[in-house]
Amino acid sequence: MATLAFETVFRGTPPDRDSAYLLDQSVGFVKGHWLGHLPDRAYWPAELDDRSTVDRRVLFAIGARADDELGAVHTLVATQVWAVGTKWRNASKLGSVFEANPGTVGANLSHAVRTARADGAVAGYATLARRGSHALARLGAADGGRVLHFGAYDPATGGPLILDQHVTVGVNALRGSTWSPDGPWSPEQYGDYLGYAAEWAERWAPGTATDLVERTLAAAGQALGRA
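Counted from 1, the sequence shown has number 109 at position 109 by the working numbering; the numbering is strictly sequential.
Be careful, since some hints might not be right.
[To be verified] Label-pair ranges, simulated between beta-carbon atoms:
#1 Ser-180 to Asp-50: 36 to 46 Å
#2 Ser-19 to Gln-222: 12 to 22 Å
#3 Asp-50 to Arg-203: 40 to 50 Å
#4 Pro-39 to Ala-198: 30 to 40 Å
#5 Gly-12 to Gly-85: 25 to 35 Å
#6 Asp-154 to Ala-46: 37 to 47 Å
No wet-lab data here; the hints were simulated from the structure. Ideal Cβ placement from N, Cα and C applies to all residues, glycine included.
Turn these sequences into a full structure, and let the hints steer you where they fit.
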């Protein structure tokens with residue numbers, strides 16, 4: 001298993017959040033590749049209507065209303081578009097979530113977002129985890145985590161962070177752990193990850209936002225995956 005030193009991953013001064021590195025990190029998409037997999041045209045977020053790219057800044061704007069059922073659905077759709085990008089054949093996976101959970105996707109996701117905002121990131125994550133009170137069939141742990149991140153994260157106080165295969169590879173390389181890159185990750189693992197991210201953020205530079213750590217871990221993990 002590959003290992004990385006802290007100084008190898010978190011080099012120099014942390015990048016600005018308000019930059020191409022983080023908030024303007026974007027991917028391209030084609031709207032037509034997605035609409036056929038949505039059970040209702042209203043599930044497509046209006047913010048993506050006249051765009052061919054989506055970035056984190058737009059996702060946070062959509063996620064601001066993720067405590068509402070339709071807003072949560074919009075956040076799921078937008079984050080899936082961002083995660084998949086031009087790999088449009090994966091759009092069918094989003095459709096399978098709606099098919100497997102008729103009428104409950106928005107309700108369950110919005111409940112998780114409200115829980116994360118009120119009771120903390122781990123509590124929100126736990127509601128969507130396997131055997132969680134609001135678990136959704138066919139929804140991956142990383143997919144639900146993205147909705148929580150863009151729906152409940154505050155750069156000043158922290159909150160839910162994205163945990164996906166690339167982030168997991170980065171965490172394993174730094175810690176010598178053996179978490180499965182494919183997940184699912186338990187609420188306990190998720191809580192540990194948030195703790196590591198907070199610790200690494202302060203070690204990198206006091207006051208660093210933890211989503212910068214997530215972004216950097218993902219880049220490191222992705223690079224290792226290509227090595």
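Results of checking the hints against the structure:
1. The hinted window of 36 to 46 Å between Ser-180 and Asp-50 holds, with their beta carbons roughly 39 Å apart.
2. At about 19 Å, the beta-carbon gap between Ser-19 and Gln-222 stays in the expected band of 12 to 22 Å.
3. Between Asp-50 and Arg-203 the beta carbon distance is about 42 Å. The supplied range of 40 to 50 Å therefore holds.
4. Judged by the Cβ atoms, the range 30 to 40 Å given for Pro-39 and Ala-198 holds: they are separated by roughly 39 Å.
5. Taking 25 to 35 Å as the suggested C-beta distance range, the pair Gly-12 and Gly-85 conforms, at roughly 28 Å.
6. Distance hint check: the CB atoms of Asp-154 and Ala-46 are about 24 Å apart, inconsistent with the given range 37 to 47 Å.
When held up to the earlier numbered hints, the structure conflicts with hint 6 and nothing else.
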